[in-house]
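> What follows is the residue order along each chain.
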Amino acid sequence: MARLIVDSSLQRNVLDEGHYAEALLEAAARLDLLGDADIARLQDAFHRLLTAQCRAYTGGASRSIRAETARSLAESVWFTIGLRLKQFPNPIDALAMLQNRALDSIFQEGRALVDAQVRSAELFYRLERARMYRTGSKCFDSTFFDGFPAFFARYNPAYGAHDRILTADYPVIFEPRGLRGIEFIRGYLDAWQTENRLLRLFPATSVRRCASLYALANDLTLSDLCENLCEITLAAALPSGADQAAGKRLTDKLGCPPPLCAFVARVCRERRGNLDRIRAFMRGA
Amino acid sequence: MNWITLRPSEPDLVQLNTRTQPYGLSLSQTQRSALAATGRIEFESGTLSALADAFCSSPYLSQRIWCDVLCELTELFYYIKERTEDHVCDELLIQRMRTLFDHPCEGSVQKLSDLLEGGLLWLD
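Note that the protein sequences, when read in sequence, are chains A and B.
According to our numbering, the first sequence is numbered sequentially starting from 6.
According to our numbering, the second sequence is numbered sequentially starting from 3.
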C-alpha cells in the first residue's frame, strides 16, 4: 500500500469518463502505481470474470463465441466496473479498491448501480414524457416518443451495459460528451428535461410557429426539421440580441426558477452565434 | 495492456485420448486457425476432446487418417457454429455430425459439410 500515496498526476478530469476503468488502470500503470504483479492479478481476475460472462451469455451451450461478441462483453464488464469506481471522487481511492477487493464483487456492485440507474432513468423519462407534447418535428417526436421506449425495452445491462442503442438523433443543446450506456442516456434525458421545462413556459402553438418559420427559411417543413427547438424558440424570444442581459430579461419575464435562469445564461454565453444565425434566418423568412 | 484476449486452450490437448496425443500440436494449430478464420474465440477448453471422443469409434477412421480428419472436423465444427450464429449448441452439433458421419456420409467430411450446409439435418 505504500505506493498508494496520492499522486497529483492521477486526476479524475484527465481520465476518459466513457472508458473510466480502463483509463484509470492505464494511467496507474503509466505512473507506476500498479506493478507487474498487480496487473497480472487483475488480468487474471478479469479473464475469469469475462469467461463467466461468456458462459452465461451462451447459456452454457457453447465453448466458443464470436470475437466481436467477446469484445462487446468485455467492454460491458469494464463499463460496469467503471461505474462503481466512479463513485469515488478521487481516482486513487478507486485504484485502492481495485487493488484490495475482488474484481467480481466490484463488478456485482457495478451491476446493481447500472440496474438502479436504468430504473431511475425510466421513471424520469415517464414523468417527463407525461408533461411533454408532440412538437410536429419527426426528429424530436421519434427520438423522445419512440426511441426511448425502444431503448428501455432493448437495453441489456447484463451483456451490453456500455451500449447506448439509442441513436439520439435530436440535437439537445448541451449533449453529454464522452459518456456511454445508461450514463449517456441519463445525461441526455437531463438535457432534454431542462429544455422542455423552458419550452413549456411558452405556448405550444408559439413553439410550433417559430419552428415552422425557421423550417420554411431553410426550405424545409416542420416535420423534416432536425434542429434544436429550444434554441429556435429562444432565438425568437430574444429579438433584440442574444446577450446575457437579454437572456436575464427574458428569464425574469417568464419567471424562471434558478436552474432555468442558469441554463438560458449559458445558452446566451456559449451559443450566441447560433442564436443570431437562427434569428437572421427567421427574419429572412 | 490487452485486457480482452481470452486464454488459449492448448492445455486441454494433453487430456485428449491416447490416439490423439501425438498430434496435439497439429490439432492445436488447426483449432487456432479455424477459430481465427471464423472470427471466434474459445473461452472454455474441451471442444477438441469432445470431437475426438465422439469420432474415435467411427469405423471409417484409421490411425493413418485420424489426425487429418479430426482437423477437418474441427474446421467444419467452427464453420457451422459461425454459420448458425451460435443457435446450435456444441453438444448437439457434435452429436449430429457424428451421427451423419458414418451414415449417409460414409466417413466423408466433404459430404458431411454439404449436408450440414444444406441444413437438412436440422429438420427432425
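Since the hints were derived computationally from the structure, they do not count as laboratory data.
Warning: the hint list may mix true and false statements.
Claimed, not checked - Computed from the model, here is a short list of chain B residues facing chain A with C-beta under 7 angstroms: (1) Gly41; (2) Ile43; (3) Glu46; (4) Glu77; (5) Tyr81; (6) Asp92.
Said to hold, decoys possible - What the simulated footprint calls covered on chain A by chain B, stretch by stretch (three residues with Cβ under 8 angstroms from a Cβ of chain B suffice, anywhere in the stretch; the number is not a length): (7) 47-61; (8) 71-83.
Note that CB positions come from ideal geometry on N, CA and C, so glycine has one too.
> For each hint, tell me whether it holds in the structure or not.
Taking the hints in turn, this is what the structure says about them:
no., hint, in the structure
1, Gly41, "5 angstroms, holds"
2, Ile43, "5 angstroms, holds"
3, Glu46, "4 angstroms, holds"
4, Glu77, "13 angstroms, violated"
5, Tyr81, "12 angstroms, violated"
6, Asp92, "5 angstroms, holds"
7, 47-61, "holds (count 7)"
8, 71-83, "holds (count 7)"
In summary, the structure is inconsistent with hints 4 and 5 from the numbered list given earlier, while agreeing with the others.
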